[in-house]
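Colleague: Line by line, the protein sequences are chains A and B. My numbering numbers the first residue of the first sequence as 1 and each following residue consecutively. My numbering numbers the first residue of the second sequence as 1 and each following residue consecutively.
Treat the hints with care, as some may be off.
As the list makes no split between identical chains, a pair holds if one copy fits it or if it spans any two.
To be verified - Distance condition first, Cα-Cα at most 16 Å in a straight line; then the derived EDC-like pairs of lysine to aspartate or glutamate:
id, residue 1, residue 2
1, Lys146, Glu117
2, Lys146, Asp32
3, Lys146, Glu10
These are computed hints drawn from the structure, not numbers from a lab.
There are 2 protein chains.
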Amino acid sequence: MSQRKHAVAETCPVARSVDLVGDRWSLLIVRDAFDGTRRFGDFQRGLGVARSILAERLRRLVEEGILAVQPASDGTSYQEYVLTPRGEQLFAVVVALRQWGEQQLFQPGEARSQLLERATGQELAPMQPRGADGQVLGAWQAVVRKPTAP
Amino acid sequence: MSQRKHAVAETCPVARSVDLVGDRWSLLIVRDAFDGTRRFGDFQRGLGVARSILAERLRRLVEEGILAVQPASDGTSYQEYVLTPRGEQLFAVVVALRQWGEQQLFQPGEARSQLLERATGQELAPMQPRGADGQVLGAWQAVVRKPTAP
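Chain A with its partners taken away, still in its complex shape:
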């Protein structure tokens, strides 16, 4: 797992996250990994991305500890890319992107994929930022505090 030092001691967690996964292909690779895609050729066909770009993004996601490489589950000689525990924690990011798209970028009734709870077949609840007491918070009810200089 990467022990890379972050540029200029970046103290904003949003910026550190965006440095690792804040690009179109990395986010879509992670989305497809959650949907069960594991092999280079399947990522490539699903995304329609150039092989060189896909190889570079997969290498970086492995280097950062978001994906891990393992032998194929069916005993063939393929390599498989699977989410690590760190990668699985990106589920909330993918769901947040999905729900924003559902709410803002589709017309009512327009065909779209759905994310359903396996056990019930129901769509997930809207994910909303909440305070420590569980109350939903709008953006203007929160404020960023920068770290004090050492």
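Please arrange chain B on chain A, whose structure you already have, making use of the hints.
Modeller: Showing chain B alone in chain A's frame:
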């Protein structure tokens, strides 16, 4: 607000979102807008981004209805960029990226910025995907259903 047709009738909400905000600069511009940044020069100094790239990203965020341009609040001739209601709904995306970074990309005790509830000064609760009944769901308890062909 954009009525742009999405490429190949993209039916995945994650992909539509990523098409609009899935790049490093757009995500960091939106983050800074939540922190109160409004003017071109302030975005530019805060992000250290080239003016031409910043201008292109701001133009695109306005075109997509995420930011709106308005006259300066202090009566000067500056333009200000403010989040629209559509843009404000990205708060959950920014918080999800932040919390993943906090959990995964900082050592315990390492200096970082914090997102606090204004009213209480407490950090926000961890945002987690939940089913319709409010139970926290892991990634493998959810499944994507693609739309049926028309």
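Colleague: Each of the hints needs a verdict: does it hold here or not?
Modeller: Going through the hints against the structure:
no. : hint            : result
1   : Lys146 - Glu117 : between (38 Å within a copy, 14 Å between copies)
2   : Lys146 - Asp32  : between (35 Å within a copy, 13 Å between copies)
3   : Lys146 - Glu10  : within (11 Å within a copy, 39 Å between copies)
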